[in-house]
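So the sequence lines, in the order shown, correspond to chains C and H.
When we follow full-length UniProt numbering, the leftmost residue of the first sequence carries the number 1, and every step to the right adds one.
When we follow full-length UniProt numbering, the leftmost residue of the second sequence carries the number 1, and every step to the right adds one.
Hints are computed from structural coordinates only; laboratory data are not their basis.
Glycine residues also receive a C-beta, built at the ideal position from the N, C-alpha and C atoms.
There's no promise every hint is true.
What the hints assert, rightly or not - Computed cross-link-like contacts, DMTMM-like style, restricted to lysine to aspartate or glutamate with a CA-CA straight-line distance of at most 25 angstroms:
#, chain 1, residue 1, chain 2, residue 2
1, C, K272, H, D170
2, C, K272, H, E221
3, C, K272, H, D222
4, H, K234, C, D167
5, H, K234, C, D151
Unchecked claim - Calculated from the model, a selection of chain C residues having no Cβ within reach of chain H, i.e. all distances over 12 angstroms:
#, residue
6, R72
7, A76
8, F92
9, D156
10, A169
11, V195
12, P205
13, G206
14, L214
15, D215
16, R219
17, H225
18, E251
19, R303
Said to hold, decoys possible - Which residues of chain C face chain H? A partial, calculated answer using Cβ under 8 angstroms:
#, residue
20, A51
21, V120
22, L290
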Amino acid sequence: MTSTTETAAVKAAAGPGAAAPAPRRARLWRGATPWLFLLAPLAFLIVFTYAPIANMVAYSFTDWDGVSPELRYTGAENYAELLTRPDLFEVFWVSGYYLAASVVQIVAALYFATILSFNVRFRNFFKGVLFFPYLINGVAIGFVFLYFFQDGGTLDSVLSLFGVETDRAWLGTPESANTSLAAVSVWRYLGLNFVLFLGAIQSIPGELYEAAELDGANRWHQFRHIIAPGIKPVLSLTVILSISGSLSVFEIPYIMTGGATGTETFVIQTVKLAFQFNKTGLASAAAIVLLLIVLAVTWVQRRLVPDSADDKRMDLA
Amino acid sequence: MTRRAVARALVYLSLIAATVVVLLPLAAVLLTSLKSEREMADGSEALALPDDLLNFQNYVTAFQDGRMLSAFANTAVILLFAIGGTVLIGSMTAYAIDRFTFRFRKLVVALFLVAALVPGVTTQVATFQIVNSFGMFDSLWAPIALYMGTDIVSIYIFLQFVRSIPTSLDEAARLDGANAFTIYRRIIFPLLKPAVATVVIVKGITTYNDFYIPFLYMPSEDLGVISTSLFRFKGPFGAHWETISAGAILVILPTLIAFLCLQRYIYNGFTRGATR
Chain C
1 MTSTTETAAV KAAAGPGAAA PAPRRARLWR GATPWLFLLA PLAFLIVFTY APIANMVAYS
61 FTDWDGVSPE LRYTGAENYA ELLTRPDLFE VFWVSGYYLA ASVVQIVAAL YFATILSFNV
121 RFRNFFKGVL FFPYLINGVA IGFVFLYFFQ DGGTLDSVLS LFGVETDRAW LGTPESANTS
181 LAAVSVWRYL GLNFVLFLGA IQSIPGELYE AAELDGANRW HQFRHIIAPG IKPVLSLTVI
241 LSISGSLSVF EIPYIMTGGA TGTETFVIQT VKLAFQFNKT GLASAAAIVL LLIVLAVTWV
301 QRRLVPDSAD DKRMDLA
Chain H
1 MTRRAVARAL VYLSLIAATV VVLLPLAAVL LTSLKSEREM ADGSEALALP DDLLNFQNYV
61 TAFQDGRMLS AFANTAVILL FAIGGTVLIG SMTAYAIDRF TFRFRKLVVA LFLVAALVPG
121 VTTQVATFQI VNSFGMFDSL WAPIALYMGT DIVSIYIFLQ FVRSIPTSLD EAARLDGANA
181 FTIYRRIIFP LLKPAVATVV IVKGITTYND FYIPFLYMPS EDLGVISTSL FRFKGPFGAH
241 WETISAGAIL VILPTLIAFL CLQRYIYNGF TRGATR
């Protein structure tokens, strides 16, 4: 969203100002000015983001319970426990459901973004309907879908309209519960992906389609050769957000099932370890593992798709 | 020609199917919220119409017994401070980073960049200890400070806008004897209005919807925000789906109104926020 000319202009403008000779005090004052603006933001950033990370690394090598003044250095024991105790690591498999769901979600979002980028009646209505779930409060969504999946709830009512009678407890078995919860997450987040894709498609200049049509390209060709390359950066960003999102699922399962019937995710487990079982050390190690995985995924994406959104980030520096 | 017509029909069919999928779960809850306890006990189907379409008794119950009024008040206080703080912090940071060249500037930028990658949920284990050591635990200040201090997205949004303001304006003001603070207050900040609007909307909606931070930091019942107060419906109203539904609708309604009024800004804001 920024152009290189602007950046160049800023640099050029900053040049002469810095070169002008000024009295010592004025120079000092000028040097301090940006720091006065950055004082509060940096304080917040360090206190609430970097200090916790540093502390977490430190806690992860201890057996601290989060309360007592005593703590023992245990080396890498927490990490070893995390990787070797199957019940602690098993929760990662639950992410698989959400990962599969995000594939469905991205494909559906792409489909709807593509068809709504063409001339469709009631376009704004459909756009609004698809996007609105993303804005709804997570607790409200949780309750809406608890009611949806409960015995004799919305889903059963709808199925009976079609003559399908089920006495199935949708949230009763791990497979069914996880699938249902992952479906809720598609319902909730589809809208954001869809709007991002739609924005990217609509920023493609219209002449390209006209030229393609003159060359005899059909809709599929237009998608393949015009739309797909145009949305590549947004698509790669979405994939990353989906992967790190799938690994750190928390709200929907916590609100709906509390992690029961095999729906516990890695973050729910970490929160429980830290705040219910007072295993701050082990929970910190778990959080560090998750953090490293998320950073690794982001790094891989940056390497694979160098021309993505972070071009914009780069000219910050 | 016919093939085209079939394709068009299929497109509309898929759109209508998606609309049904989105709206049906919400409609069922809306209908349920209007049913009486009797109707529910008699086993009314989820999608059956209530006997009395204007039965707002459940809303009264949700509002009074569910303490929704104090929840809305607490949420409003948090919104006010968190958004105000975010706007100040974000615009100041963007101004300092974009308009000055200073030592360690690259380091400062890198600190903000890397922080944007850290998922907030993971660090709460240790953030909790820090918030606690400041004595902010179980007070409205905990979420206010956290929302204010850890919002990198709004810094990006402000940065994009600060860059688009020509530096000649700064220069002209400086020649007139204005110092950096006057330039920020009188020139940059007023020109950032569209960015402020974007940040207020995006931040407002995400703060209104956040569950994790108030849940973790404000366990007292008096300090319920709308998410946590609604979450507490689970206990006392156990199987009273008509009351829970009314509570859920009460929470969704302000969002719906905001969405209908501010649609364009909301799309823009979330697109900017996500692609930063």
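For each hint, the structure was consulted:
1. C/K272 to H/D170: Status violated; Cα separation ~52 angstroms.
2. C/K272 to H/E221: holds (21 angstroms)
3. C/K272 to H/D222: Holds, because 24 angstroms separates the two Cα atoms, which is no more than 25 angstroms.
4. H/K234 to C/D167: holds (24 angstroms)
5. H/K234 to C/D151: holds (17 angstroms)
6. R72: Non-interface label on C/R72 holds, nearest chain H Cβ at 17 angstroms vs cutoff 12 angstroms.
7. A76: holds (18 angstroms)
8. F92: holds (14 angstroms)
9. D156: At roughly 8 angstroms from the nearest Cβ of chain H, C/D156 sits no farther out than 12 angstroms, so the non-interface label is violated.
10. A169: With a cut-off of 12 angstroms, C/A169 remains clear of chain H, as the shortest Cβ separation is near 16 angstroms.
11. V195: violated (6 angstroms)
12. P205: holds (18 angstroms)
13. G206: At roughly 19 angstroms from the nearest Cβ of chain H, C/G206 sits farther out than 12 angstroms, so the non-interface label holds.
14. L214: holds (18 angstroms)
15. D215: C/D215 is indeed farther than 12 angstroms from all Cβ atoms of chain H, at 19 angstroms.
16. R219: violated (8 angstroms)
17. H225: Per Cβ check, C/H225 is outside 12 angstroms of chain H; nearest 19 angstroms; holds.
18. E251: The claim is violated: C/E251 sits with its nearest Cβ about 6 angstroms from chain H, within 12 angstroms.
19. R303: Holds, because the least Cβ-Cβ distance between C/R303 and chain H comes to about 14 angstroms, which exceeds 12 angstroms.
20. A51: Cβ of C/A51 sits 6 angstroms from chain H, so the hint holds.
21. V120: holds (7 angstroms)
22. L290: Since the shortest Cβ distance to chain H is 5 angstroms, the answer is holds.
Violated hints for the displayed structure, listed by number in ascending order: 1, 9, 11, 16, 18.
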